[in-house]
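With these hints in hand, go ahead and build the complete structure from the sequences.
Numbered according to mature numbering (1 follows the signal peptide of the UniProt record, and there is no 0), the sequence shown spans residues -28 to -1, 1 to 337.
Please note that the accuracy of each hint is not assured.
No farther apart than 35 Å at their CA atoms in a straight line, the calculated lysine-lysine pairs in the DSBU-like style are these [stated by the list, open to error]:
| id | residue 1 | residue 2 |
| --- | --- | --- |
| 1 | 34 | 334 |
| 2 | 334 | 289 |
| 3 | 34 | 289 |
| 4 | 334 | 78 |
| 5 | 11 | 334 |
| 6 | 106 | 289 |
| 7 | 11 | 34 |
| 8 | 78 | 11 |
| 9 | 106 | 334 |
Between beta-carbon pairs, the in silico distance windows are [what the hints assert, rightly or not]:
| id | residue 1 | residue 2 | range |
| --- | --- | --- | --- |
| 10 | 263 | 293 | 20 to 30 Å |
| 11 | 221 | 336 | 15 to 25 Å |
| 12 | 212 | 285 | 34 to 44 Å |
| 13 | 221 | 36 | 42 to 52 Å |
| 14 | 293 | 76 | 22 to 32 Å |
| 15 | 271 | 195 | 20 to 30 Å |
| 16 | 106 | 325 | 20 to 30 Å |
| 17 | 83 | 282 | 14 to 24 Å |
| 18 | 260 | 76 | 46 to 56 Å |
Simulated from the structure, these hints should not be mistaken for laboratory data.
The C-beta atom is built at its ideal place from N, Cα and C for all residues, glycine as well.
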Amino acid sequence: MATRRELSLALLCVCLAACALAPGPADASKMVGVYELRKGDFSVRLTNWGARVMSVVLPDRKGNLADVVLGRDTVAEYVNDTSYFGPITGRIAQRVARGRFVLDGKVYHMHRNDGRNTIHGGDRGFSRSIWTVKEYVAGGESPHMTFYYRSFDGEQGLPGNVDAYVTYRVSGAYTLGVHMNATALDRATPVGLLLHVYWNLGGEGSGDVLGHTLRIRASRHAVLDDELLPSSGRVEPVAGTPLDFRAPAAIGSRIRRVVVMGGRAVGYDTNYVVDGEGMRPVAQARDPASGRALELWANQPTLQLYTGNSLNRTAGKGGRVYDRYAGFCLETMGYVDAVNHPEFPSLTLRPGQVYRHDMLYKFSF
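Set out below in structure tokens:
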């Protein structure tokens, strides 16, 4: 017999499939839709289901257009997605050990959806919610879109009401800005969001990304255990390890030496401590075959590099399938499991305080 949650998801899938998926008016409607930001031959498709990036299309060095984001064709196909193709995740992104933490002397328990732990906000985090469209400007000099979500007191076991916004903005030549902010309204609560996009600069479905070159401006990493948690609280140098991307190197050049999850996966799922502070360059990636490149700027302290280690004949766009290493994620964020590590910068907001997370993707070819 189907559970209540399974029936709810099935009903939601039917509702999403019935929604009009053409770009809609710039109003506060919560009907699920797909929206496009376009400037010349650079376009970005978004949906308010999870405030998600569905596609980014740009030319290669020969002028050939391709979508460089892994994902699905329709919003309905994202409902049961467990790979986190393109959404904003939160209220606490990444992992929380045992789905619990203590704040102001009180123990809070979150829904555990990653074995013994919680990942990306729990069973119904920000990525599995309908955001409100607050503003939509499809074209012009600065196409942009703002989504809003009210996270309610007790959602996924978390305290207090939170107002969250994310704005996607196309500016300049082939530049996408992502600007997140969240305000604690009435109680202290942890907040830490991230954008979980899988990139393949050769074009989604074009093969693996092992030949992409990558540079990460980080000289240290947080040591993660077999559950990809920083249980020791240690931060160590990347020098002399296969995690060192301070100089550009192919993603696949040392990947076979990176074993995670107690030997159950081979590949990067690594939390880097980014050098410097404030808005600064974090990472650069380039596909030698197409010439496409991206440069990522952000204002967060860490970066999670994930190389799609768990993709396995995963359904993608246009009937294609994604296997391991079909894409890579560059997730700027706070420290993993910071709610359980006082030695890491705090994620806690007091009432009236605002969380701000800014990212800038600069594409070239």
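Okay, the hints, checked on the actual structure:
1. Pair hint residue 34 plus residue 334 holds up; C-alpha atoms about 19 Å apart against a cutoff of 35 Å.
2. A hinted pair counts as satisfied when its Cα atoms are at most 35 Å apart, and residue 334 with residue 289 qualifies at roughly 24 Å.
3. Of the pairs offered as hints, the one joining residue 34 and residue 289 holds, with about 23 Å between alpha carbons and a cut-off of 35 Å not exceeded.
4. For the proposed pair residue 334 and residue 78, the alpha carbon gap of about 43 Å is over 35 Å, so the pair is violated.
5. Of the supplied pair hints, the one linking residue 11 and residue 334 holds, its CA atoms being roughly 14 Å apart against a limit of 35 Å.
6. With a C-alpha separation of about 28 Å, the suggested pair residue 106 and residue 289 falls inside the 35 Å cut-off, and the hint holds.
7. Of the supplied pair hints, the one linking residue 11 and residue 34 holds, its CA atoms being roughly 19 Å apart against a limit of 35 Å.
8. Taking the CA atoms of residue 78 and residue 11, the gap is near 49 Å; set against the 35 Å cutoff, the hint is violated.
9. The straight-line distance between the Cα atoms of residue 106 and residue 334 is roughly 25 Å, inside the 35 Å bound, and the hint therefore holds.
10. For the pair residue 263 and residue 293, the supplied restraint of 20 to 30 Å holds, since their beta-carbon distance comes to about 26 Å.
11. Taking the beta carbon of each, residue 221 and residue 336 are about 19 Å apart, inside 15 to 25 Å as hinted.
12. In this structure, residue 212 and residue 285 meet the distance hint of 34 to 44 Å, their C-beta atoms being roughly 36 Å apart.
13. Checked against the given bound of 42 to 52 Å, the beta carbons of residue 221 and residue 36, roughly 26 Å apart, lie outside it.
14. Hint check: residue 293 to residue 76, Cβ distance near 47 Å, so the stated range 22 to 32 Å is violated.
15. Separation of residue 271 from residue 195 is about 24 Å and conforms to the stated range, judged on CB atoms against 20 to 30 Å.
16. For residue 106 and residue 325, the hinted distance range of 20 to 30 Å is satisfied, since their beta carbons lie about 21 Å from each other.
17. For residue 83 and residue 282, the hinted distance range of 14 to 24 Å is satisfied, since their beta carbons lie about 20 Å from each other.
18. Between residue 260 and residue 76 the beta carbons are some 52 Å apart, a value that agrees with the proposed interval 46 to 56 Å.
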